[in-house]
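**Student:** Going line by line, the protein sequences match chains Y and A. The first sequence runs contiguously to residue 297 in my numbering. The second sequence runs contiguously to residue 297 in my numbering.
Treat the hints with care, as some may be off.
Same chains, same names: a pair is fine if it fits in one copy or spans any two.
[As the list claims (entries may be wrong)] Derived BS3-like pairs: lysine-lysine, alpha-carbon spacing no greater than 27 Å straight-line:
{"hint": "1", "residue 1": "Lys204", "residue 2": "Lys31"}
{"hint": "2", "residue 1": "Lys264", "residue 2": "Lys166"}
{"hint": "3", "residue 1": "Lys101", "residue 2": "Lys264"}
{"hint": "4", "residue 1": "Lys166", "residue 2": "Lys192"}
{"hint": "5", "residue 1": "Lys31", "residue 2": "Lys272"}
{"hint": "6", "residue 1": "Lys102", "residue 2": "Lys166"}
{"hint": "7", "residue 1": "Lys20", "residue 2": "Lys204"}
These are computed hints drawn from the structure, not numbers from a lab.
2 protein chains.
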Amino acid sequence: MLNSSGNNEILLGIDGGGSKCKAIVMSSDNKILGTGIAGPGNPLHGYDQAINSITESAKLALADAGIDESELGNIVAGVGLAGVNLPVLFEQMSNWQHPFKKMYLATDLLIACLGAHDGNDGAVMITGTGSCGFSYVDGHPFIVGAHGFPHGDKGSGAWFGLQAAKQSLLSLDGLIPPSLINDKVLALLEVKDDVELVEAIAGKPAAFYARLANLVFDSAEEGDELALAIVAEGADYINHVARQLLKQNPPHLALIGGLTPRIKPWLDVTIKAQLIEPINPPEVGSVIYAKQQLQLQ
Amino acid sequence: MLNSSGNNEILLGIDGGGSKCKAIVMSSDNKILGTGIAGPGNPLHGYDQAINSITESAKLALADAGIDESELGNIVAGVGLAGVNLPVLFEQMSNWQHPFKKMYLATDLLIACLGAHDGNDGAVMITGTGSCGFSYVDGHPFIVGAHGFPHGDKGSGAWFGLQAAKQSLLSLDGLIPPSLINDKVLALLEVKDDVELVEAIAGKPAAFYARLANLVFDSAEEGDELALAIVAEGADYINHVARQLLKQNPPHLALIGGLTPRIKPWLDVTIKAQLIEPINPPEVGSVIYAKQQLQLQ
């Protein structure tokens with residue numbers, strides 16, 4: 001058990017997204033001592049939920065590392081959150097009376113980028129429940145997308161899932177020919193017709209729609225024309241995001257997020273050739289960010 | 001002031017939609033004695049809100065007709081509601097301990113159709129905040145669409161508004177060329193860039209997006225290519241809905257809803273040629289429905 005003199009020896013890294021919040025405890029020599037996962041950490045979907053998830057995940061990570069949770073107030077935390085690219089949410093979270101010794105707040109985009117490139121300049125595209133592109137070159141952050149659902153986040157899991165739901169409804173109405181997507185949507189959601197489908201999806205958030213993304217790729221891989229068109233449109237958007245990011249001349253570009261293994265094969269060959277594997281996950285990027293900020297002081 | 005013996009002489013007609021609930025009091029010889037408007041009446045967006053709006057609009061209509069609200073329990077009401085095409089909501093609303101002498105519950109689609117065709121067979125397309133098609137021929141109801149937002153309701157005000165928001169964000173990110181839509185969206189919402197735009201639209205309901213629909217048509221009428229493409233896609237969907245409805249051989253087809261004057265000019269000429277003007281508004285259709293049900297007993 002570390003005592004409070006250990007406050008500069010370990011750091012907390014938080015990655016708070018729309019579906020879960022991850023925390024890690026890292027030693028000064030970059031060893032992961034413990035991890036914790038709690039509920040959604042995006043303040044756009046609820047401030048109370050977000051601060052509870054951050055605190056909870058941090059306590060779980062401390063417990064996992066064998067450190068008493070009373071130490072929370074002696075530890076510096078790097079906190080990367082979805083949603084805080086919106087100034088109003090950044091300000092709200094900055095004003096949080098957090099339980100840490102110090103909190104360095106950043107967007108989920110920045111910590112993903114710092115993590116992927118081990119603290120160096122670079123660019124990332126994130127395709128998970130949402131989608132976006134981000135580069136950090138010579139101290140200049142640059143964002144493409146990150147607009148949210150349903151008005152943005154093209155090429156994301158939620159976007160693919162929404163296309164699946166939309167096209168199934170059009171097809172069940174006889175307005176477009178049936179496709180492999182229909183049966184897969186009905187089977188996954190355990191519904192039998194359009195009325196039950198609407199009941200199942202009405203008012204659902206992005207994370208729900210993202211559950212339908214894989215079946216679009218499955219259908220495309222089976223040669224379904226409609227699915228191929230959807231995948232082509234989504235991949236085309238990610239290609240466009242990549243080209244915008246590459247104009248910033250990042251040393252490296254990485255593709256990360258849960259949809260990566262599904263969408264990567266469909267990207268333009270010239271884009272694929274430029275992708276590198278991310279070095280660290282976003283929560284490690286939060287620790288890197290906190291360290292960089294501490295060194296600036 | 002009518003006394004309680006007037007219960008078979010007057011009827012209440014309710015049209016409860018996603019943005020407001022309209023009520024009328026009608027005499028037995030089909031004269032409108034009073035009208036009332038209250039908040040949203042679609043139980044999909046909240047049961048308590050819906051029943052409050054229905055009761056409130058009915059009381060306002062009675063007051064407008066010079067009838068004491070204590071008479072509510074002596075009057076038969078025809079109640080047409082958005083959302084109750086979903087069985088779970090139809091059942092919930094049917095079980096409501098309503099304040100009327102009797103309540104005849106129907107979908108907003110059926111009462112719109114009965115109103116438009118004065119109680120006779122026919123078909124309607126509704127393009128307001130949402131969109132759908134409905135025909136009633138030889139006792140058979142037939143629905144196209146009516147699936148809700150954002151997964152359905154193509155060609156509706158909310159759909160056009162969402163396209164405007166999406167395309168503006170893509171353009172502000174440099175992923176597509178700018179269009180007339182951009183400046184109009186930013187001006188209408190009084191925001192200056194993509195970050196403020198996302199703050200303005202994040203988590204907003206269909207009725208909010210529907211406010212952006214007119215600017216798409218404005219832009220199209222000014223010759224903007226992107227707006228023309230969006231209008232063509234929306235109008236094409238309504239054309240498809242019309243063709244599906246016409247396969248049911250309705251004696252007449254009417255186009256109703258707030259978006260009618262904007263979208264009608266863009267429909268296929270063969271579809272436009274078959275449209276008739278609706279005879280009565282939906283709330284009168286609710287009274288017609290109640291009368292038909294009373295006669296069946």
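**Student:** Decide, hint by hint, whether the structure agrees.
**Tutor:** Results of checking the hints against the structure:
1. Taking identical chains as interchangeable, the C-alpha atoms of Lys204 and Lys31 are never at most 27 Å apart, the minima being 39 Å within one chain and 43 Å between chains.
2. Taking the shortest alpha-carbon separations for Lys264 and Lys166, both the intra-copy value of 24 Å and the inter-copy value of 24 Å come in at or below 27 Å.
3. With identical chains, the CA atoms of Lys101 and Lys264 are never at most 27 Å apart, being 40 Å at best within one copy and 63 Å at best between copies.
4. In the homo-oligomer, the alpha carbons of Lys166 and Lys192 lie at most 27 Å apart inside one protomer (16 Å), although the nearest pairing across protomers, at 32 Å, exceeds that limit.
5. For the homomeric pair Lys31 and Lys272, neither the shortest alpha-carbon distance inside one copy (31 Å) nor that between copies (70 Å) is at most 27 Å.
6. In this assembly of identical chains, Lys102 and Lys166 lie within 27 Å of each other by CA distance neither inside one copy nor across copies; the values are 46 Å within and 38 Å between.
7. In this assembly of identical chains, the alpha carbons of Lys20 and Lys204 lie at most 27 Å apart whether taken from the same copy (17 Å) or from different copies (23 Å).
In summary, the numbered hints that this structure violates are 1, 3, 5 and 6.
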